[in-house]
Each structure stands twice: as structure tokens, then as C-alpha cells.
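Based on these hints, arrange chain H on the given structure of chain W.
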Amino acid sequence: MIGAVNLSAGYGGTQVLSGVNLSVGAGEFVAVIGPNASGKTTLLKTLASLLKPLSGVVYLDGTMVSKLRARQIARLIGVVLTEQLRPTQLTVFEVVALGRYPYTNPLNTLSETDSREVLRALADVGIEHLAARRFYELSDGQRQKVMIARALAQEPRVLILDEPVTYLDPRARVEVLLTLKRLSKERGVAVIASLHEVELALRVADRLIIVSGGRVALYDSPEEFVARDGPELLYGLGGETAFSPELMSIEFRPPNNGGPRIFVVAGGGSGSLVYRMLARLGYRLSTGVLHAGDIDYYLASLLGGRVISEKAFHPISPEKMQQALSEARDCQAAIYTSPPIGPLNSENRILAEEIARQGPPLIVFGNAVIEGAIARVDDPAALPELIGRALEDGLEARPAAVRR
Amino acid sequence: MSRRLDRLFGMASELPKTNNIHMLLLISVPVTPLFIASIIFGSYSITPWDALMAIAGRGTAESSLIVNSIRLPRALAALLGGACLGVSGAILQALFRNPLADPYILGVTSGSSLFLALSILTGSVLGLWSPFSPYSLYLAAFIGALMVVILMVALSGVVRSTTTILIIGLMISYLAYSLTSILHVFVDIEKLRALVYWMMGSFAGARWSLLSPGIPVLAIFLFTMVLLCKPLNVLLLGEEYARSMGMSLGRMRMFLVAAAALPVSVVTTVSGSVGFVGLSAPYLARQLTRTSNHFAIIPASALLGATLSMTADLISRLALQPIEIPVTAVTALFGAPLVIYLLLKGRGVQL
Chain W
1 MIGAVNLSAG YGGTQVLSGV NLSVGAGEFV AVIGPNASGK TTLLKTLASL
51 LKPLSGVVYL DGTMVSKLRA RQIARLIGVV LTEQLRPTQL TVFEVVALGR
101 YPYTNPLNTL SETDSREVLR ALADVGIEHL AARRFYELSD GQRQKVMIAR
151 ALAQEPRVLI LDEPVTYLDP RARVEVLLTL KRLSKERGVA VIASLHEVEL
201 ALRVADRLII VSGGRVALYD SPEEFVARDG PELLYGLGGE TAFSPELMSI
251 EFRPPNNGGP RIFVVAGGGS GSLVYRMLAR LGYRLSTGVL HAGDIDYYLA
301 SLLGGRVISE KAFHPISPEK MQQALSEARD CQAAIYTSPP IGPLNSENRI
351 LAEEIARQGP PLIVFGNAVI EGAIARVDDP AALPELIGRA LEDGLEARPA
401 AVRR
Chain H
1 MSRRLDRLFG MASELPKTNN IHMLLLISVP VTPLFIASII FGSYSITPWD
51 ALMAIAGRGT AESSLIVNSI RLPRALAALL GGACLGVSGA ILQALFRNPL
101 ADPYILGVTS GSSLFLALSI LTGSVLGLWS PFSPYSLYLA AFIGALMVVI
151 LMVALSGVVR STTTILIIGL MISYLAYSLT SILHVFVDIE KLRALVYWMM
201 GSFAGARWSL LSPGIPVLAI FLFTMVLLCK PLNVLLLGEE YARSMGMSLG
251 RMRMFLVAAA ALPVSVVTTV SGSVGFVGLS APYLARQLTR TSNHFAIIPA
301 SALLGATLSM TADLISRLAL QPIEIPVTAV TALFGAPLVI YLLLKGRGVQ
351 L
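As you go down the protein sequences, you meet chains W and H in turn.
No gaps in the numbering here: position 289 of the first sequence is 289 in our numbering, and each next residue is one more.
No gaps in the numbering here: position 73 of the second sequence is 73 in our numbering, and each next residue is one more.
Be a bit skeptical, because a hint or two may be false.
[Said to hold, decoys possible] Mimicking SDA-like on lysine to any residue, the simulated pairs with C-alpha atoms at most 20 angstroms apart in a straight line are:
no., chain 1, residue 1, chain 2, residue 2
1, W, 52, H, 240
2, W, 311, W, 277
3, W, 45, H, 166
4, W, 52, H, 250
5, W, 52, W, 62
6, W, 45, H, 157
7, W, 67, H, 250
8, H, 345, W, 86
9, W, 181, W, 196
10, W, 45, W, 60
11, H, 345, W, 181
12, W, 67, W, 83
13, W, 45, H, 240
14, W, 67, H, 157
[What the hints assert, rightly or not] One side only, chain W facing chain H, incomplete, derived with CB under 10 angstroms:
no., residue
15, 150
16, 217
17, 219
Rather than coming from a laboratory, the hints here were simulated on the basis of the structure.
Being a predicted model, the structure only gives us computed values, none of them experimental.
All C-beta atoms, glycine included, are put in the ideal place defined by N, C-alpha and C.
In isolation and in its complexed conformation, chain W is listed as follows:
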């Protein structure tokens, strides 16, 4: 429906993007992602005809947009910009009714069709109850929805939004994005929105437009992008930051500052909270025995921990047990996160009991009962202090273990 052929775009003669070829169909929700200052806004403004292309064309339903008059374009493309508005005393209804600009007469009297479209736009975004409120009284999230409703009142075929959720709190972010996604399906509008939040983009977008290094690429699905290591390449991740395709999130590896090493017996997701806490507090992490494919396995690896792992859906072998036990003995403290125990990982409980007997001091987090543990705690907030105490105890009681 809307597309670009051999488009070059930029400001005042300075070329920002070149060789842009893309096409977005009706009902598609397309996210535009890319690093800061890569030209996302330039691309969107050029598609919206707010910037003249340096060369090439933008077309809409087979018509070159440059051949259309401003009023005609406004009936086809609705725009929501990043810039925050100066507060105005206009009511929400009045602001949304401004979207009828390309349809109304100079006196701006609203016909029945106009009023119906304004009401439909308010309803589609779910803000009918705000209609009589004044714009300046609204929260940022509500204002953004009003601006979207205003764009919808133009009855556009294409909705172009520049960072529509950047200033919003997490809940409003998800609300606005889901609203946009729903609109693309219900109204059959092509929605093109730039997003800073890659993780959100990968979760909601039908397709992705990637802007980087002056060039633009179109991916048919977020999965395709992820499968080609897109996020790592796009944002230059590596070293301390990494993208996890399993968690669909960007994680950072805490720098190795030589802090005490802690062994965690976990599995089945029971370890994730403890892993992050240890990483945050600057401890080094060892963990086992985890099955490959376990969420704890991915997270511990991402955080740079030493992971002793067993093949997926295989019982834990005696070799891995030995390896885990000797790794645990090298650590200054250990935590048992009370993982769910079944036929394939029952060895982990025995491992914990062995550590309690012959390894560093063991803390139990959760409801499991391990003989010889120095403490058991349910409240994660109490863990840091316990770990501190365990490390002191370890120094007094087992100096040999520490020295090794």
C-alpha cells in the first residue's frame, strides 16, 4: 500500500538515508528500530511527506505522493510526532475534531459524518470518557492516545508514529502499543511506528524496518531478524551486553571484579532471581547441574556464570555430579534455590546435601529442607545479609577451602 522506491532522505541537502526500498501493506503493524540518530525520524517524516525526498519516490496505492495536494495526503496518512505539545485548553473532543481538518469547510462545522468519525476515533482508542476533559489536564499516556485518535479522525489508510511510547510509563507503553496493533487489524490501517524499545518491538510488530548506517532494511518477521543475530549487529552488542533470543531481551554481563564466587543449585526457573541478585551485588557465579534448555541455563550463561550442565531430558550423570561438587568446593558459599525435583534431576538434592556436608556454607532459599544448611529463608530481601554472614563463617570455619 505505502512504499518507497530508491528513496534518499535527509535534511537541507544532507543525506541521511539512501537506497530505501520498502513496502507496507494494509493491516500491518511495522516497527521501525535502529540506534539513536540513525535516521528513524527522517525516514518517517519523509514517508509522511513532511520532508521532501532528496531523490526517489514515496507511493501510496500506486500514486506518487508528491503528486497529491496537502489535503489529499492528510486524508490518507495520519501522523503522530514525538515532540510534546505546549499545553492547550482545547478539550479532548476539540483536539480529535481537528483531525477532520482535511474534510471540513472553513468554518469547521462538523457534519454528521465528521462527528461520527470523531466519536469512532475516540472509541477505537478507548478514550470516550475523556472527551470533555481539557488536554492540559491529561497524563502523558492519555495525551498520546488523544493524538492517535486525532490522527485516526483523518480516516487515514496509513498511520505513521514517531516514538509513540518513549515518554510513557511501562503500563501506558504496552497499552498504546496494543491499541495500535488492534487498530491495524480492526481498521486495516498500515501502522508504521518507530520504537526505542527493541524488546517491545520484537514482541508486537508484524514486520520490522531496520534503520542503521544510512540504510534501511525490511524484515518480514521479528523472528527472522532475531535468527540472523539482528539485535546484536544493529546495536553493536557484545562484551558486557548480549541479546538473548530465548528471553527476547537485552541482558548485560556484570564485569568480573574478582568478588567471592558463589555456587547455586537451581533449575526450572527457580534460580533466575538469585542469579540476578548475585550479579548485581558483584559476586561471581557458578551453578549446576542445569539441563540444557532450562531457562536458568540460559540466564546463568548470559550473566557469565560457570555452568555445569546435563543434556536436556537426561538424568544427571555421576560425572556431572562430581564436576558440580568440585566446582562447589571451590566456591566460598552456596545457595540451594529449592528447585522442583523430579526423576531427571533428583541428583540436585543430593548435591545440595553433599555441599552442606563437605563444601562451603549452604543457604536454602525457598521451602526445601536440607540437613546441614546454615540457614533457610523465604524472603529474597534477607539473602544478601545471609550471604555476607555465610562468607564470614566460611573464612573462620574452613580456611583451607578458601585458600584453594
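Only chain H this time, still in chain W's reference frame:
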């Protein structure tokens, strides 16, 4: 549900809502009494009856002269001039998206006076046109006003800061003022007296000869203003939004620039630099109507502008009788503190 829809449809019109209409009626109340007072009061008081007789052409020779030749044109100049300054201020504030914009503060008035002085000087020296013909005066004042508004619009594209724009406007005022003062040296004493009026601002100089070509211009201007309310409303969201909603920005900006400059040039030609009415009237209009909708703001600014300028004119002629104070000296008394207040409040001021 249908009742709720009815309620929504009831407010669906972009024209002023009922409460706005009530407020507009309320705002219009003082206009007529002030107009009558402008005719009656002065260094020589006239009873309402005598004034009426004089207008009807049956008054004494003395009251006829005072009412018909002096008071009536003066009252009309204050009424229409104030209304037009109010509207001009409202347009400038929407154009610059800045509640501090005002023809006086932005230097539009000074640009007008400068070109008036220039035209009078070159006209009398070169003799190419009659320097005191109303048409050459109006034209010169319009060109001067237009040039300053265009310059300020161009600058506001480069300079983002509100305060900077205002300071530049003030400097343009000073520049124009100093050039006008220099020009005075070249004009003989008799003409100087006329020029001094323009510099200080007073409705006392309003005469039919000068006023009559201006009245239809201002009246037509006020009535065509209703056509600019829709684009002004869209401009509240900023220029990019306005364009994305189908406004041809370049053309509309030209219209608005001309619409802001035209009334200022007429007022300046007739009564010199009248300051702060264009600032205060739209501000009061927004405060009283509690809306930003220009379909209400423009008429309210006109009414309040007329009220303010007629009040200021009355004070200027009555406060230190028989000496007249320049009208800007009066308007500045409430205008200048308002500017300081708005500057302190900053971005929190609603437009």
C-alpha cells in the same frame, strides 16, 4: 448510550459552546457604555442628550464640532483599533505559539512607525507622493509592519528560545525608534508635532480624513477573521502537525502574517504605537472563556481589546486633565507586569 451520544453530538460543533457564548455576551457588555463615555467625557463635558443631538446634526455649533470632529472619530479609533490589536495579538500568539507575542513587543508597531516616518520624509523631500495622504501613510505603515512580522517568523524558525525572540523584538523596536528619532531632525517643527503622536501613541490625533479609509479595512478585517480560526486552531498543535493534517503551511503563514500586520499598520497610522493591548486581550480572553478555541478567542480578543483601549484612552485624557498622557503609558501599567508574570510562569502558560 444514545443520551451520551446526544451529549457528545451537542458539543460536536467547533463553534463556541453555549457557556462560551454566555461569556462572550458578558465580555461585550462594557463596550457600549465605554463608547458613550468616550464621546461624553473630556476636557469639555457634554451631556448624552447634546451628544445625540450633535450626531443627529441638530446640536449647537460648539457641541457639534467637539462630538462630530473630535470625540466620535477618536472613540471609533479606540474601539476599532483596540479590537484589531487584540485580534492581531491573538494571531501572533498562535503563529509563534507564544503567549508573549504582541505587535508592540515584537517590534511590528515600531516597524510601522519607522516606515511612516521614512515615507513622510522622502515624500516631503522628493515630492514624489503627497506625504500626508492617508493612502501613502497606510501603505508605508503596512509595508513596515509586514517586514517586521516576516523577519520575526523567519527568525523564530532559527531561534527556538521564546525569550530570545522577545529580546530581538525589543531590539528591533529600539532600532526603529532611534531611526525615527533621527528622521525627526529632518522634519520641520509643525510636522514634528504630528510625528510625535505616532511615537507616543494617542487616539487624540484621530481625524475623519485619516480615519475614513481605515474604517472599512478594519471592519472587513474583523469579519474575515472568522475564516482564520480553523487554521489557527490546528496551529495550536504546532506547524508539523498542521501540515500533516492538510494545511499548506507556506500559504497559510503568508495569510496570517498579512492578517497580523494589516490592523497594526492601520492603528499605528491613526494613533501611533499603542502597546500591550495585543498581549493582554488574548490572555484575558483565554482566562475568561477557559478555552483555546479560536472561534471563541478571536471575538473575545476583539471585544476585550476594544474595552482595554477605550478604557486606556479615557484614563489618558481624564487622569491628569487637561494634560493628556500617551495611551501606551496607561496600557503599559497593566501590560508590563503581565509580561513579567508570563515570563516567570514560562511553559506552564496555556495557549
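Hint-by-hint comparison with the structure:
| no. | hint | in the structure |
| --- | --- | --- |
| 1 | W/52 x H/240 | holds, 13 angstroms |
| 2 | W/311 x W/277 | violated, 27 angstroms |
| 3 | W/45 x H/166 | violated, 30 angstroms |
| 4 | W/52 x H/250 | holds, 14 angstroms |
| 5 | W/52 x W/62 | holds, 18 angstroms |
| 6 | W/45 x H/157 | holds, 18 angstroms |
| 7 | W/67 x H/250 | holds, 17 angstroms |
| 8 | H/345 x W/86 | holds, 13 angstroms |
| 9 | W/181 x W/196 | holds, 17 angstroms |
| 10 | W/45 x W/60 | holds, 15 angstroms |
| 11 | H/345 x W/181 | violated, 39 angstroms |
| 12 | W/67 x W/83 | violated, 28 angstroms |
| 13 | W/45 x H/240 | holds, 10 angstroms |
| 14 | W/67 x H/157 | violated, 27 angstroms |
| 15 | 150 | holds, 8 angstroms |
| 16 | 217 | violated, 26 angstroms |
| 17 | 219 | violated, 27 angstroms |
Violated hints for the displayed structure, listed by number in ascending order: 2, 3, 11, 12, 14, 16, 17.
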